[in-house]
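Letter by letter, the chains look like this.
Protein chains: 2
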Amino acid sequence: MHSAVEIPLSMLLVFTSAKLLSELFERVGQPGIIGEILAGILIGPHLLAWMAPNEVIRILADLGVMFLLFRVGMEIKAAELMRVGGTAMLVAVAGVIVPFAAGWGICTLWGEPRIESIFTGAAMVATSVGITGQVLAARGLLGTRAARVILAAAVIDDILGLIVLAIVSGLSRGEMNYLDIALTGTLALGFTAFVAKFGSRTAQRVLPRVGSRMHLAEAEFAVAMTVLFALSVLAVYAGVAAIVGAFLAGMALSEATRSRARDLTHGVAELLVPFFLVNIGLQFDPAAFTSSGTLLLALIVLGAAIASKFIGCGLGALRMGRTDAARIGVGMVPRGEVGMIVAGIGLKTGIMSQAIYGVVVFMSVMTTMVAPPLLKMAFRGETGAPAEEELPRIG
Amino acid sequence: MHSAVEIPLSMLLVFTSAKLLSELFERVGQPGIIGEILAGILIGPHLLAWMAPNEVIRILADLGVMFLLFRVGMEIKAAELMRVGGTAMLVAVAGVIVPFAAGWGICTLWGEPRIESIFTGAAMVATSVGITGQVLAARGLLGTRAARVILAAAVIDDILGLIVLAIVSGLSRGEMNYLDIALTGTLALGFTAFVAKFGSRTAQRVLPRVGSRMHLAEAEFAVAMTVLFALSVLAVYAGVAAIVGAFLAGMALSEATRSRARDLTHGVAELLVPFFLVNIGLQFDPAAFTSSGTLLLALIVLGAAIASKFIGCGLGALRMGRTDAARIGVGMVPRGEVGMIVAGIGLKTGIMSQAIYGVVVFMSVMTTMVAPPLLKMAFRGETGAPAEEELPRIG
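Top line first, the protein sequences correspond to chains A and B. FYI, the working numbering numbers position 54 of the first sequence as 54, with every residue one higher than the one before it. Every number in the working numbering is 1000 more than the matching position in the second sequence, counting from 1.
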């Protein structure tokens, strides 16, 4: 049971501090999104201590990233994403192998136990597409070729991350069921491919008919929300993250939704996305770095996390030219909440020490913080390209 | 820690069942809002058992009723509400005394202990204005004279309810600090009157200036949310419910907010209000009525709850004519979550037995269920009064 003030007070502190710092960053020409994450660090337990992570914020953060990906999906046509599938697959695979090897290698050289090193590698695998999606959406760049590859690669990346997680979990228990892992991977891939391929067509056929027959006020919005939540649930059951389902739902609806339902969805996202961003900042804990050794390791891991994704994904996209390869490499850098989830499992099962957990959380928060300015640099000169734009076939 | 599926699954079950039953009710010409409450009873632990009340739903329900009252407030001009202040005061006072006396009297005659009887009376005092507000808003009737009196009376009612609660809590502890109670009441009244009187003027002066100077996307929405959360927090500190603050915030912004920010707010309310309604239904527990005696008492209390508010508030508004008096009497009937909160305190402190708690919850849910059709009857023939205010229909 919460006290009566907990909910409105959490709303006020999180939302308002996020918007204030976002405004400040926009004024000095920096991406507002960094301001919102910084707001979390600022009001969090280790600086002002106005707010600690709580249930209210966590639930709204989870919903926030769902709506963020849903909104990003709504700007993407499924057919356009499928067209870059080949390149995206290369980007995703290289973007999993290189960071995993880097994380594992560094920790092993540092003298950490074998299993802990593998877990650190696994925590460096999964890209958090929310940050990149938000930056690109805010600048009207979702229609670019590079943005599409990033989004498609991030979805595949999530499936690969799932398989990596299944493998390391098996390792940690000392038992490995390869059939199980193969089935899990196949189900996740099958679900994603199926919705991406048939979702949009189905929605365009079914939605207008359903919407026009309903008596409910704002029926189209109600249907859109139902699709969003249903696909998020199915995604979890299929083994991928709820946000992949949310992204697929947005994409399925992207050509079937009119502006009224879009505006209403936009309102929800405007309210909830700051909770996702602030919640990342709230996780930041400088207290983990009690020894200068740990701090040094954290900086090395951070450098490796940035470099390995940039190089891995960049190489995967090299046939698109160096400009786009660099954009894609940068876009895949943020690890956000995904790395923290893996590290959380490691900590809970006793595989990861508190120090290494702190290193991974630091890496997750910092890769997320550096991505927006890097993206701004990488996309310099590119102005918002309308989604309609006809593009050459790739991959 | 929740499992990954809990949040999207709660969203899907609650939102979609609410909208499906709302659609069903609209189709047969009944208020959709009853369908949404029924959805909670249907999927709740005692029928289909698909869903039990959980943290996700409770938090979203609390936010939902805040946004509901905020949205209702946005359709009301403060000056118009102040104009009906005298009548509203009469309605509120009579609407507190008569139900309190009825609840106390019935339980005493039934042979319940003195303090439990007083608590039951207290639980019958506070009107839940959310339901009435939603019904009137959905039918475009917020501009009517009766609607304004209902809203003003509900705000005063909340303050009186606070004082009653302070008194019965004191009684339950066996100590009564009259000075404390007087101070609490004065602070609550002062806060409410102050915001109602000066909020709108201040917002009209400050908001356009702030909005035009901000670099943030959707700056006006961000400011509106900040006002909403800030006044909700202040309301709790002043001793009234957060939703009173939300209503006052809406009213303060009603003449200073443009349609874009309204649409975004509307989206949030569309998503969250069903959680408030379904959560009421989820509380319904027929298991409380193990004996036919308890069921009989529940029906008597329910009848008294409806009649006492109708008579008390109707008498208070009699000088407005019998039609409006009946409308106001009916509009004040729903007790919604407020009665349940009082009963919850009674149960937790051991003053109320499980059986009487069940009776109060039954009364709260049922008064909420009967209000929409009664309102429909009472406002028959009245069509939405847009007049000068070109307000969008909500609901």
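No lab work stands behind these hints: they were computed from the structure. The model shown is predicted, which means the values in this text are computed figures rather than measured ones. Here a beta-carbon is modelled for each residue, glycine too, at the ideal position from N, C-alpha and C. Do not take every clue at face value.
As the list claims (entries may be wrong) - Now the stretches of chain A that chain B is said to cover, found in silico as 3 or more residues with beta-carbon under 8 Å:
no., segment
1, 6-13
2, 33-41
3, 152-165
To be verified - According to the in silico footprint, chain A covers these stretches of chain B (three or more CB under 8 Å from chain A):
no., segment
4, 1009-1022
5, 1060-1068
6, 1189-1198
7, 1261-1267
8, 1349-1363
9, 1374-1382
Cross-check of the supplied hints:
1. 6-13: holds (count 5)
2. 33-41: It is violated: at least three residues are needed, and the segment 33-41 of chain A offers just 0 whose Cβ sits closer than 8 Å to chain B.
3. 152-165: violated (count 0)
4. 1009-1022: Held - the segment 1009-1022 of chain B has 7 residues with a Cβ nearer than 8 Å to chain A, which meets the minimum of three.
5. 1060-1068: Satisfied; 4 residues make the cut.
6. 1189-1198: Our answer is that it is violated, as 0 residues pass the Cβ test (under 8 Å) against chain A, missing three.
7. 1261-1267: holds (count 5)
8. 1349-1363: Violated - the segment 1349-1363 of chain B has 0 residues with a Cβ nearer than 8 Å to chain A, which falls short of three.
9. 1374-1382: Check failed, 0 qualifying residues.
Figure legend: structure checked against the earlier numbered hints; hints not met, in rising order: 2, 3, 6, 8, 9.
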